[in-house]
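Those protein sequences? They're chains A and B, same order as listed.
Residues 1 to 597 in my numbering are what the first sequence lists, from first letter to last.
Residues 1001 to 1366 in my numbering are what the second sequence lists, from first letter to last.
Derived by calculation from the structure, the hints in this document are not laboratory data.
Treat the hints with care, since some could be wrong.
[Claimed, not checked] List time: in silico BS3-like cross-link candidates among lysine-lysine, alpha-carbon distance up to 30 Å:
no.	chain 1	residue 1	chain 2	residue 2
1	B	1051	B	1034
2	A	367	A	253
3	A	263	A	180
4	B	1135	A	343
5	B	1051	A	343
6	B	1035	B	1248
7	B	1344	A	93
8	B	1267	B	1333
9	A	433	B	1135
10	B	1207	A	161
11	A	564	A	520
12	B	1300	A	343
13	B	1207	A	343
14	A	167	B	1035
[Said to hold, decoys possible] To give a feel for the contact side, a few chain B residues facing chain A, derived at Cβ under 8 Å:
no.	residue
15	1232
16	1237
17	1257
18	1258
19	1264
20	1270
21	1274
22	1289
23	1291
24	1321
25	1323
26	1351
27	1352
28	1360
All C-beta atoms in this analysis are idealised placements derived from N, C-alpha and C, irrespective of residue type, glycine included.
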Amino acid sequence: MKLFLTLVFFGIVTLNTNAQELLVEAESFDDPGGWVVDPQFVEQMGSPYLMAHGMGKVVKNARTKVNFTKKGKYHIWVRTMNWSPGEWDAPGKFKLKVNDKLFEKSLGLRSGWGWEYVGELALVANKPTQLELLDETGFNGRCDAVYFSMSDKAPPSALEKIATWRKTVTAETNIPEITKYYDLVVVGGGIAGCAAAIAAAEQNLSVALIHDRPVLGGNASSEIRVHTLGIYGHFERILKMLDTEHYPNGSSKAKLDQEKRDKNVKSFSNIDLFLNWRAYDAKAYSDVIRFVDARQTATGERLRFGAPLFVDATGDGWIGYWAGAEFSYGRESKDTYGEEWDKWGELWSPKEADDAVMGSSVLWQSKKANQKQNFPNVPWAMTVAKNHTAINGEWYWEFSRNDLSQIEDAEEIRDHMLKAIYGSFANAKQLVKNDSLTLDWVSYLVGKRESRRLIGDHIFTFKDVVDERKFPDAVVIETREIDVHYQKVLTDEQHPDFMSEALFYKTPEYYIPYRSLYSKNISNLFMAGRNFSCSHIGLGGPRVMRTTGQMGAAVGFAAALCKKHKVNPREIYTNYLKEYMDLIASQKNRLIQNTKK
Amino acid sequence: MKIVIRIIFLVFISFLMQCALPNLKVKKDSTLVKKPAFYDLGWEPNTKLSKGHLPIFIETDTVGRQQLFVLSNNNTPVLYSAQITTPVCADGDCKLMNITLYWTLLGDYAGFDTDENRPLTKHDHDEFLPEDYLKLHQLLLDNNSILKNRTIDELVTSPKQLQLEGIDALSGATITEVKESVVLGALYSCYVAWHLVHNSGVKEKIKTHTASMESTALRVAMLYEDNTEYQLYALERLSLEQYTNHFKRISAVYKNSIPLVRSLIIKRMPFTFWRTSELQYEFWNSFSEVDVNTRSLLLKQLNEVPIQVLETLSEELSIMTKNQLKVYLGAIKTHHTQIHNTIKVFANSEHNTYSYIAKEFLERQE
Chain A
1 MKLFLTLVFF GIVTLNTNAQ ELLVEAESFD DPGGWVVDPQ FVEQMGSPYL
51 MAHGMGKVVK NARTKVNFTK KGKYHIWVRT MNWSPGEWDA PGKFKLKVND
101 KLFEKSLGLR SGWGWEYVGE LALVANKPTQ LELLDETGFN GRCDAVYFSM
151 SDKAPPSALE KIATWRKTVT AETNIPEITK YYDLVVVGGG IAGCAAAIAA
201 AEQNLSVALI HDRPVLGGNA SSEIRVHTLG IYGHFERILK MLDTEHYPNG
251 SSKAKLDQEK RDKNVKSFSN IDLFLNWRAY DAKAYSDVIR FVDARQTATG
301 ERLRFGAPLF VDATGDGWIG YWAGAEFSYG RESKDTYGEE WDKWGELWSP
351 KEADDAVMGS SVLWQSKKAN QKQNFPNVPW AMTVAKNHTA INGEWYWEFS
401 RNDLSQIEDA EEIRDHMLKA IYGSFANAKQ LVKNDSLTLD WVSYLVGKRE
451 SRRLIGDHIF TFKDVVDERK FPDAVVIETR EIDVHYQKVL TDEQHPDFMS
501 EALFYKTPEY YIPYRSLYSK NISNLFMAGR NFSCSHIGLG GPRVMRTTGQ
551 MGAAVGFAAA LCKKHKVNPR EIYTNYLKEY MDLIASQKNR LIQNTKK
Chain B
1001 MKIVIRIIFL VFISFLMQCA LPNLKVKKDS TLVKKPAFYD LGWEPNTKLS
1051 KGHLPIFIET DTVGRQQLFV LSNNNTPVLY SAQITTPVCA DGDCKLMNIT
1101 LYWTLLGDYA GFDTDENRPL TKHDHDEFLP EDYLKLHQLL LDNNSILKNR
1151 TIDELVTSPK QLQLEGIDAL SGATITEVKE SVVLGALYSC YVAWHLVHNS
1201 GVKEKIKTHT ASMESTALRV AMLYEDNTEY QLYALERLSL EQYTNHFKRI
1251 SAVYKNSIPL VRSLIIKRMP FTFWRTSELQ YEFWNSFSEV DVNTRSLLLK
1301 QLNEVPIQVL ETLSEELSIM TKNQLKVYLG AIKTHHTQIH NTIKVFANSE
1351 HNTYSYIAKE FLERQE
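Please model the entire structure based on the sequences and the hints provided.
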């Protein structure tokens, strides 16, 4: 890997000999030390980045080596951001060391992503130069890239200019050089994506499963730790390979289910698993997706994936979005689909449509140590945490606001939750009874409930639940109540703004039709997971992960019939529904003992 | 065996109550002149509410069928009430709980009274202390209490036992939340009272009855109450003309009510408000005092506003969120020296989270 990186940097410099500049992506460092690669916000801020997520304890240095082709004096910048500016020290400070030279200037001070000038240094050519990031605080300092240039002109900070600039510096071509072909490409390795991949693989399709994290499961993974709820429907065999026990949200027991899930998915020889690969584009022509392009989150290596069929299980509906699929976001008015519930009025479904949606959670836990543990003061967190005191999180640690998009503003949402967590824990540490408590685990991944909803031939709504509609193509069955959240602060301003409340509508059983699982206008696109075709209230029930897993399995089987008959997803409903529903029904009869669990 | 005894006792008590209730009703006062001991609505001095029978009943397994009354002031309905006598059982030990419950015109909990000769008691037969009554009142005010979706058995059985029985255990957080919300030693009484108030179907019956008596006068009266549910109800139903006629009250509600009510006001504000300077100033001038969600809804009207509003808002840049700031800057179509100077000061401040957005805006303008 190290050799590869060196060659990449060498290549960059060689291609730009006249520019005498070098861009080193932080996520590509040979050894990230205690820093983590965060690829969640690439579409908004431009790149994966390294973050010193030490929960208040300084993390180990990140290191890499690069080669310069020209010796001389270089100006150095880092791309960074102060994630909580104010009248206090920045929470995430760090320093840069180049070979033996430690630059004294603390970095991570500017508001908004952009370049901070580090200093100037003479460097020699064709000899490895070591770069080192030194965390100073343990509180989520972040570094996207280090830039060397013989010119003293700072690179552009404005987001609209940075993408073009980056392409120029790295001389990156538009199209990945290698294309891989499959029967089915599944993007997103949450429970829905995994179930889709397994169902299709069981039917002997060749499958690519692309996922931007090192572990599978999405919100159920050991990185986010939400337990799976809902029933198995027709797909007990598949979902038991993927789901979790009913431990409290945030429990470290999630690690055991993680092992099970990863092992099961990896056991299919016809699933090519691309962990740590994040899709960044989908190319559609005449409403047919031809390719999905993805990038390795650390190395930057790129691949193109071709297939006749694609599954968007990204949660945010990115594949559909890039391909031009119709989608919705926000709350419909109560009259749009007749979703009024008088009991909860505006909190349930508003008179006028708006952009409010259910929020995202960041879970966390503390643990008892044998002796007294200190926790630093976190003044930069107190504007959010205020007087709130807590020693761990649960599902109701949730943040949403009507001006924030759960997609475009996800980094701000995550950072708001980090302030809520660190501030509430700092308050708890003021109490003598919590002397021995220390933070055990704080997720840095946003656990989203709601984002884009791609539109299919049927939009699943609350009315389908209330009326207990039995569709001819009902492939998902669920008994769990509809569960819609709102922020408590809307009804009582005394509550912290990061706490939510749940409203439940009990139902004996409801069904989701297959027509909600493929795009209305992109002819070869399935969707499974929270980005399936539904209204805001319609999402309230099926967003839990055994239900989304059912969706995934259902589209995996549909994909197999699409291949068999050489048709698109819609034609399974119009021409092959009986065969499809028989295939779905037959899943219940397949023995669970025969699975790879 | 214990369960059998409990069932027999319940049936017996219910039977006694059915026989006794008509006599009890006759004995009760036909007016209410004193504010209920625990009460969540306004009560003017010298209020005298007359009690009227309604063809509405609360019906549950434990209380049987008990009459609902409407309490009116000069024939305008103000409250609903019911005098409840219900058995409360714990571990086979049952006793009667006597309580008068009050509901608002929309079927929400309004308060309760107890008979001083028959105070509420705990499991160990100790009488409720003043703070216990207050805690019960707080619990009943919470229409989304943790008690809502739980059976009493779930609340009293240990998580271990539930797991043995194949039931999902309550999490530690839930158990703590239950303990914190009920009166210590009176879980059963709290549980029964909460479910009578919120989960007996009475809310829907009351709402239907109120709707049958709805009039412009009633809607307007509700707008002038401090109860947020009344305000939401009225605001959803007021005509454009009534919005204008009651502008002063609406702007006062806007300033003093909860975010949910404010957002409805902004969303439903007739278009003419945004065309009339003096009407909209009331709302813009309190920009810094209202919640962040309401500010975002307000800013959606920016394209209609006079330049003075943009000037006023330029002093509030530091309290705007990132996206609010973008909306504000996007509304500045022409160069305005005073506004630009204020933006410059903001952009150059080190301590503003979003000063970089203002900087980028100014760069684009150059």
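Inset, instruction - Identify whether the interface hint at residue 1270/B stands, where standing means a beta carbon of chain A within less than 8 Å of its own. - result: violated, 13 Å
Legend entry - residue 1267/B paired with residue 1333/B [C-alpha distance capped at 30 Å]: holds, 25 Å
Inset, instruction - Return the status of the interface hint for residue 1321/B: holds when the least beta-carbon distance to chain A is below 8 Å, violated otherwise. - result: Hint holds; residue 1321/B Cβ to chain A Cβ min 5 Å, cut 8 Å.
Inset, instruction - Sort out whether residue 343/A lies within 30 Å of residue 1300/B, counting only the CA atoms. - result: holds, 29 Å
Inset, instruction - Using 8 Å as the Cβ threshold, decide whether residue 1232/B counts as touching chain A. - result: This interface hint holds because 6 Å falls under the 8 Å limit.
Inset, instruction - For the pair supplied as a hint, residue 564/A and residue 520/A, confirm whether the alpha-carbon distance does not exceed 30 Å. - result: holds, 22 Å
Legend entry - residue 1274/B as an interface hint toward chain A, with CB separation required under 8 Å: violated, 15 Å
Inset, instruction - For the pair supplied as a hint, residue 433/A and residue 1135/B, confirm whether the alpha-carbon distance does not exceed 30 Å. - result: holds, 26 Å
Legend entry - Given hint residue 1352/B near chain A, where the shortest CB pair must fall under 8 Å: Status holds, d = 7 Å.
Inset, instruction - Under 8 Å, Cβ to Cβ, is where residue 1258/B needs to be relative to chain A, so tell me if that hint holds or is violated. - result: This hint holds: residue 1258/B lies near chain A, its Cβ roughly 6 Å from the closest one there, short of 8 Å.
Inset, instruction - Against chain A, run the beta carbon of residue 1351/B and see if the smallest gap drops under 8 Å. - result: For residue 1351/B, the interface hint holds, since the closest Cβ of chain A sits about 5 Å away, which is under 8 Å.
Inset, instruction - Closer than 8 Å between Cβ atoms is the bar; does residue 1257/B clear it against chain A? Give me holds or violated. - result: Hint on residue 1257/B: violated, closest Cβ of chain A at ~10 Å, above 8 Å.
Hint check: violations occur at hints 10, 14, 16, 17, 20, 21, 22; the rest are consistent with the structure.
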